[in-house]
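Which chain is which? The protein sequence lines are A and B, in order. For the first sequence, position 254 matches number 718 in our numbering, and the numbering has no gaps at all. For the second sequence, position 130 matches number 594 in our numbering, and the numbering has no gaps at all.
One or more hints might be untrue.
If several chains are the same, the list does not tell them apart, and a pair holds so long as it fits within one copy or across any two.
What the hints assert, rightly or not - Think about it this way: if two alpha-carbon atoms lie no more than 25 Å apart in a straight line, the pair counts; the simulated DSS-like pairs of lysine-lysine are:
(1) 812 <-> 825
(2) 524 <-> 815
(3) 616 <-> 644
(4) 474 <-> 499
(5) 751 <-> 779
(6) 647 <-> 670
(7) 524 <-> 721
(8) 524 <-> 812
(9) 647 <-> 751
(10) 721 <-> 587
(11) 474 <-> 812
FYI, nobody ran anything at the bench for these hints, they're computed from the structure. Note that the coordinates shown come from a computational prediction; the quantities given were computed from them, not determined experimentally.
If you want the building blocks of each chain, they are given just below.
There are 2 protein chains.
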Amino acid sequence: MNLDIYNNLKRGVESTYINLNPIQRGGVLTAEARKAVLEFADGYSVCDYCFESRVDLVQKPPVRNLSADIAEFLNMDDVRFTAGCRHAKWAAMHMVTEPGDTIVLDSLAHYTSYLAAEANQLKVVEVPHNGYPEFTIDPQMYAEKFEEVERKTGSLPALALLTHVDYRYGNVADAAAVGKICKEYGVPFLLNTAYSSGIMPIDGKKLGVDFLCASGHKSWAASAPMGILATTFEWSQQVFEKSTIRGDWSGRGFTKKEVALFGCSPVFGAPVMSLMASFPAVVKRVKHWNEEVENARYLASQLERIEGFHQMGVKPTEHTLVAFETFPFYEVSATTKRRGYFLYHELKKRKITGVHPGMSKNFKLNTYGLSREQVEYVADAFIDIAREHGIKVGAST
Amino acid sequence: MNLDIYNNLKRGVESTYINLNPIQRGGVLTAEARKAVLEFADGYSVCDYCFESRVDLVQKPPVRNLSADIAEFLNMDDVRFTAGCRHAKWAAMHMVTEPGDTIVLDSLAHYTSYLAAEANQLKVVEVPHNGYPEFTIDPQMYAEKFEEVERKTGSLPALALLTHVDYRYGNVADAAAVGKICKEYGVPFLLNTAYSSGIMPIDGKKLGVDFLCASGHKSWAASAPMGILATTFEWSQQVFEKSTIRGDWSGRGFTKKEVALFGCSPVFGAPVMSLMASFPAVVKRVKHWNEEVENARYLASQLERIEGFHQMGVKPTEHTLVAFETFPFYEVSATTKRRGYFLYHELKKRKITGVHPGMSKNFKLNTYGLSREQVEYVADAFIDIAREHGIKVGAST
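Here chain A stands alone, though its shape is the one from the complex (with noise of 0.2 Å):
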């Protein structure tokens, strides 16, 4: 065994870089939460004034507040904290479906909604999406698929699931309108808002859902892992019923603890406390998506005056996340000894990361936080790697 490997662990990504990883933008710790981090790094932390056996009614620090304000803040009633978003969505999933019921979920939708929906062994009926170039769920067609469900297994979908954003092209769902369409159906809605809630604002009353999971570390500045389940009085007791299980020669029960949390979320350290303190940045921060996305939207237009470049989804599009269908640096990647990897190096000596390395034909990236000045760098640079590959570049309109 050598140990020697553990020594002195660096990320090995300068943080003097732009990163680009569209699953990283949104967790960037703020200041405040890092020092959070640091204070709150040993394991049991936030247990040190913990008298209610659970870490979410913990007052000092105050996590019971914060979570009355996140309820707030998502316009939902009841908030609990869970080791990141999939272990929300299987909470949810556990807490209102049986083994064997049906689900009917977006076909954008994340691995870790069909990994919870097979860990609570349900069936799932995808809702298609329109295919190349857009991409886009039509609302509509959750209503033809719960239809569907019905005539095949005698009775309605046990849940809905939308994926607010997807994480591969970026594109906005309307969830309103799907949130419509199962309460006409009286279909349980669970919104997925990992790639929105804590960048975008939310309001989950008025998307009518009735189950809200999020992600701390995907869009919340918070440390991994960290995920939101939120939810509605009407189902409040139900998705965080308490424990009712006893011991046969003890007696012993554990009444305050709730199920589908296994008693008390894990989050007791970095992830709840970086999340508390980034959550001030983070009610700020919601309020300038729209420049977000302008700052997206200005270099989406900037890599399509490279000649062969596409985005992909919606356009313009309406989220940092975007994705492009790059060709011509895949014909590069041919003729060069790195192959797909010349990308990653050309953007590297730029001192860019986060395009997936050995990507070259399409990619994703998110400009969520950059300043303008990092994105113009930015568009400058693939322009850059382009004409020196003798890739055409339009004129700028």
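Take the given structure of chain A and dock chain B to it, following the hints.
The following block gives chain B in isolation, referenced to the frame of chain A:
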């Protein structure tokens, strides 16, 4: 919404204090881990160079090596990381049992063991302890309970769970004896090492363990939430079963992802990297377990000089987590304005923290990782508090 309460967050526990909190001693970060937490605090920081869609397979930083080295360290064959020990227990049960099954567990088990069973719709049958003042578990009772379950349900229990070291008295259960009985009956054996692996030497094979669960933030000097699920080659494929779900319209599948880990364990950041950074120190520190126990025994012997004080659990203690019955302090509390909180404040005056605020009739503490000088200081403090409140203290033996 008053966001000012989230500014400048502090634990309110001075880092210069001696912290005796039973759940915290083994989770105090090493200096190396503290550095790693800062370096990897951002969401998804471990995923910069992820090529195989699972955090345990990441090679830079060397998470893949860490998995293998921890398996070797525990003498198990295969290891995954989980969002806390509670998730590891749920995962093992989920993959090995069926809803409605019965499992046998010790009556000193942590609430998360019961809750993991509850979330998997399992029935629990408890192995009794022998009551006051020792509270030990007789391994032979596992055989009796197995037969009882077989008589009542027609089949042996689906799983046996033993808490290696219980959280109430710090008793070290005879895991090897339980492992032997499990093997004889063919009942899979899950050992919860939340208070043992990471601080004391563990040899999973020697103990006859099929599934070993560990807590990084409890005993491996890691940030929360960090759990470990280790198993044998025999069980590996079943416990870490790959996803087989498929989109009915898209045909999407996720065949690299593991069901019970929700695809990829969300510890990608501070948790796994602090575990990694502390690992070399952990490998070393378990060799000094005897010295740690000596410190706890010394403290117990000193506290028992106080008239009416009794150590509970096995004597002399075999662990650094020790519980005391302290009736004279309870009598004092009845006469003070601060009631049960007097002890907390008396200790705080002496720069000692971690005894549950409000407790005086009995309490538990943990000396793990304290120097002999610190332990002597703590002993003197308790004796001092006793004398100041008119409680007799016997001579030092």
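Check: Is it within a copy, between copies, both, or neither that the alpha carbon of residue 524 lies no farther than 25 Å from that of residue 721?
Finding: within (19 Å within a copy, 38 Å between copies)
Check: Between copies, within a copy, both or neither: which fits residue 647 and residue 751 at Cα up to 25 Å?
Finding: neither (29 Å within a copy, 61 Å between copies)
Check: Within a copy, between copies, both or neither: where do residue 721 and residue 587 come within 25 Å Cα-Cα?
Finding: between (29 Å within a copy, 18 Å between copies)
Notebook entry, point to check: Between the shortest in-copy and the shortest cross-copy C-alpha distance, which are at most 25 Å for residue 647 and residue 670: within, between, both, or neither?
Noted result: Classified as within: same-chain Cα gap 12 Å, cross-chain 57 Å, threshold 25 Å.
Next item on the list: Classify it for me, residue 812 with residue 825: is the Cα-Cα distance of at most 25 Å met within a copy, between copies, both or neither?
Entry: within (18 Å within a copy, 63 Å between copies)
Check: Is it within, between, both or neither when you check residue 616 against residue 644 at 25 Å Cα-Cα?
Finding: within (23 Å within a copy, 50 Å between copies)
Item checked: Within, between, both or neither: residue 524, residue 815 at alpha-carbon 25 Å -> This pair counts as between: shortest inter-copy Cα distance 19 Å, intra-copy 42 Å.
Note to self: Within a copy, between copies, both or neither: which one fits residue 474 and residue 499 at a CA-CA cutoff of 25 Å?
What the structure shows: For residue 474 and residue 499, both the intra-copy (19 Å) and inter-copy (9 Å) Cα distances are at most 25 Å.
Item checked: Intra- versus inter-copy proximity for residue 812 and residue 524 (alpha-carbon distance at most 25 Å) -> between (44 Å within a copy, 17 Å between copies)
Next item on the list: Give the relationship of residue 751 and residue 779 under a CA distance limit of 25 Å: within one copy only, between copies only, both, or neither.
Entry: Result: close within a single copy only, 22 Å intra versus 62 Å inter.
Note to self: Treating 25 Å as the Cα threshold, decide for residue 474 and residue 812: within, between, both or neither.
What the structure shows: This pair counts as within: shortest intra-copy Cα distance 17 Å, inter-copy 38 Å.
Going down the numbered hints, you'll see the structure goes against just number 9.
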